Amino acid sequence: MKTFRFCVSLALAALMIASSIVLAAQNPAPASAPRGNAENGRMLFAKFGCYECHGREAQGSTATGPRLGPNPIAYNRFIAYIRKPAGEMPPYTAKVVTEQQAADIYAFLQSLPRPPAAETIPLLK
Amino acid sequence: MAKTRKFSADRRRFLKGAAVAGAATLAAPTGMAQSQPAQAQRAAAVPLPPPGAETGTPPEVDVLTADRCGSDFMVDVIKSLDIEYICSNPGSSFRALHESVINYGGNQKPEFLTCCHEESSVAMAHGYSKIEGKPLGVLAHGTVGLQHAAMGIYNAYCDRAPVYIIVGNAIDATMRRPGVEWAHSVQDAAAMVRDYVKWDDLPISLQHFAESAVRAYKIAMTPPLSPVLLVADTELQERPIHETDKLRIPKLTRTSPPQGDSGAVAEAARLLAGAQNPVIIADRAARTPAGMKSLVELAETLQAPVIDQGGRMNFPSRHPLNQSSRTRALVVDADVILGLELTDFWGTVNAYRDQLERSSRSITKAGAKLISITALDLYTKANYQDFQRYPEIDLAMAADAEATLPALIEAVKKLMTADRRNSFQARGAKLATASQTALQQARTEATYAWDASPISTARLSAELWAQIKTEDWSLVSSSLGWPQRLWTFDKYYQYIGGSGGAGVGYGAPAAAGAALANKKYGRLSINIQNDGDLMYAPGVLWTAAHHRIPMLSVMHNNRAYHQEVMHLQRMANRHNRGIERPHIGTTIEDPNIDYSKLAQSMGLYAEGPISDPKNLGPAIQRAIAAVKRGEPALLDVVTQPR
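Protein sequences appear in the order of chains F and B. With my numbering as the guide, the letters of the first sequence map in order to residues 1 to 125. With my numbering as the guide, the letters of the second sequence map in order to residues 1 to 642.
Read the hints as simulated data drawn from the structure, not as lab findings. As the structure is a computational prediction, the values presented were derived from the model and not from experiment. Careful: at least some of the hints might be erroneous.
Straight-line alpha carbon distances no greater than 30 Å define the calculated BS3-like cross-link-like pairs of lysine-lysine that follow [said to hold, decoys possible]:
#1 F:Lys-125 / B:Lys-614
#2 B:Lys-519 / B:Lys-430
#3 B:Lys-430 / F:Lys-125
#4 B:Lys-198 / B:Lys-134
#5 B:Lys-293 / B:Lys-246
#6 B:Lys-519 / B:Lys-628
#7 F:Lys-125 / B:Lys-628
#8 F:Lys-47 / B:Lys-614
#9 B:Lys-293 / F:Lys-125
#10 B:Lys-79 / F:Lys-125
#11 F:Lys-84 / B:Lys-365
#12 B:Lys-469 / B:Lys-414
#13 B:Lys-134 / B:Lys-365
Build the full structure now, drawing on both the sequences and the hints.
Structure (structure tokens):
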């Protein structure tokens with residue numbers, strides 16, 4: 001039975017890799033982010049439900065979704081992931097989030113300030 | 001020790017029919033029924049006594065009173081079980097038992113606690129049991145009361161928590177009062193919850209009640225612990241006890257919890273001692289403080305990492321072998337996994353993906369050995385599916401984990417060699433480093449959104465910790481995750497785990513029940529309270545105020561049934577439409593609920609809404625001062641979603 005599960009997992013992995021290749025071929029994403037509007041991105045981050053798993057400041061949650069900013073992942077990886085997530089995240093296709101809207105959300109993530117160091121916060125010492 | 005008690009009463013000819021007629025006459029005087037609309041409406045269902053009954057000559061009866069009744073004996077039985085409290089919303093199907101508790105029993109052990117919903121009664125008992133390690137009583141009204149209680153019972157069943165439920169029912173149809181008592185009577189009262197109680201009975205004599213009551217307690221407290229239910233017939237409660245009734249309360253002998261087979265224990269020890277990367281995973285492993293102590297000893301003997309899934313307070317949060325934040329990495333690398341009372345072993349060793357095509361895969365490496373010790377294997381029902389997907393275990397022990405741990409520890413120690421001890425110490429040192437790294441990482445992650453409004457759940461947890469860390473505290477709610485990462489849990493009563501069945505509405509009353517258990521020890525009970533959960537039955541706040549149950553509730557008020565917001569988002573995205581609309585039907589806004597006013601209206605000290613993190617610390621200080629005066633207090637904190 002374990003062999004069967006291993007085969008299934010291999011097949012899934014192969015499928016995911018193949019899907020990524022197809023996705024890349026159809027929708028080549030720029031490595032650098034298109035110009036985005038961070039203020040509009042903050043509004044869209046809430047409106048499109050990103051905050052539900054990642055928090056309103058994209059700070060993340062161990063239970064739902066990882067921290068997204070500041071210093072988000074590279075834009076091409078960001079856009080590829082939201083279009084076709086490999087994990088639990090629901091997909092955000094081009095039909096519901098345009099390239100420009102995605103760029104605005106990315107700009108919001110880039111605009112987030114770095115937090116203070118934990119050592120400087122008395123409650124976290 | 002056997003107890004023999006004899007009960008005597010004046011020998012009387014008791015004409016029940018006449019007595020019932022007399023009571024009805026007193027309860028519904030004709031004049032009042034005609035003058036008050038509400039009673040006039042009731043009169044349509046309840047036949048009134050003939051005109052002039054109140055002033056006419058009463059029917060001849062021998063007696064209208066009784067010095068001792070069946071419910072007195074029932075209270076004697078309940079007292080023999082050392083049940084401290086009975087949580088109940090009053091109901092006429094147990095009116096005699098209620099009266100016996102407060103008058104015959106002196107309203108002490110058990111003390112009657114007034115609840116505003118039977119679901120709250122059961123959840124209070126559920127929470128209490130996880131602190132005190134024994135059941136609390138619940139009295140529920142026939143049919144409708146038990147229907148209200150049902151979800152709470154299901155949670156307790158799924159959480160393997162003992163709750164002792166007595167439900168009133170009028171079994172003899174010829175004795176029922178016309179009208180409502182018929183609507184609340186039932187042939188088989190327990191039927192609706194039989195799938196999720198471990199045992200039930202319908203005693204038809206007082207001696208039968210005594211034996212079943214003691215049996216029910218014994219069954220509830222034998223692992224896997226579970227709710228039990230007795231039906232208390234109204235006639236049995238209300239009939240006088242005669243001196244010829246020879247009643248005695250049987251001796252209670254607790255059943256020793258089942259230990260794992262010695263051969264299986266030895267094999268488990270061999271696998272664990274020989275493993276390169278053993279992992280211990282505990283969910284409801286520690287039933288008592290002794291279970292936690294044993295788990296620490298096993299982990300230290302093996303220098304093996306422990307993942308505490310949090311069904312109970314299994315393992316100290318800052319122990320260097322507590323590696324709960326590294327679950328996935330450890331499971332993936334493990335060559336031997338020991339699961340102790342896992343709710344979901346399959347889900348622990350498989351990854352599941354909730355996309356359009358649902359899929360799953362094993363995350364364990366080839367050849368990894370899985371060992372299970374769980375009392376769940378001793379008692380599995382069919383209808384409700386809380387038993388989860390079938391896990392492929394290599395060595396399964398149908399046994400209580402806590403009871404089995406001492407033998408397993410001894411078996412592992414027998415296999416210790418100098419080489420093994422050295423390699424175990426090296427493993428432990430690496431794990432200690434990983435533990436420190438995880439703590440630092442948690443502190444760093446907590447800095448993100450530190451000053452955000454709504455307040456981050458990390459900030460809320462850190463502010464709370466600053467105020468309680470020097471107190472003898474107890475977290476009487478399930479966790480946001482952050483307390484386990486930032487606080488130091490090292491005592492069994494400092495965490496009570498979750499609801500079991502994920503039935504919403506458990507949180508507030510379970511916290512009140514756990515706080516009730518903590519009260520006599522002078523502990524500071526902290527409840528991180530979800531807003532949606534509180535709104536199921538907020539009346540428990542009144543119960544806490546009325547019965548002076550000290551507890552600080554801090555609202556995790558994200559103004560939503562947030563789990564459902566995320567589910568709706570998933571569906572909208574999957575269907576490529578309306579991704580901005582999942583708040584419809586899932587959020588609790590417009591108007592925002594003012595939880596501080598809600599709490600104040602029920603007699604609590606309360607502040608809020610608090611949305612600026614700078615105001616949180618001082619508010620917590622003021623609220624704790626109120627709790628130390630013996631009051632429940634509530635802070636409404638507007639928070640980030642998770």
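Structure-based check of each hint:
{"no.": "1", "hint": "F:Lys-125 / B:Lys-614", "result": "18 Å, holds"}
{"no.": "2", "hint": "B:Lys-519 / B:Lys-430", "result": "41 Å, violated"}
{"no.": "3", "hint": "B:Lys-430 / F:Lys-125", "result": "23 Å, holds"}
{"no.": "4", "hint": "B:Lys-198 / B:Lys-134", "result": "15 Å, holds"}
{"no.": "5", "hint": "B:Lys-293 / B:Lys-246", "result": "46 Å, violated"}
{"no.": "6", "hint": "B:Lys-519 / B:Lys-628", "result": "11 Å, holds"}
{"no.": "7", "hint": "F:Lys-125 / B:Lys-628", "result": "27 Å, holds"}
{"no.": "8", "hint": "F:Lys-47 / B:Lys-614", "result": "27 Å, holds"}
{"no.": "9", "hint": "B:Lys-293 / F:Lys-125", "result": "28 Å, holds"}
{"no.": "10", "hint": "B:Lys-79 / F:Lys-125", "result": "50 Å, violated"}
{"no.": "11", "hint": "F:Lys-84 / B:Lys-365", "result": "27 Å, holds"}
{"no.": "12", "hint": "B:Lys-469 / B:Lys-414", "result": "39 Å, violated"}
{"no.": "13", "hint": "B:Lys-134 / B:Lys-365", "result": "41 Å, violated"}
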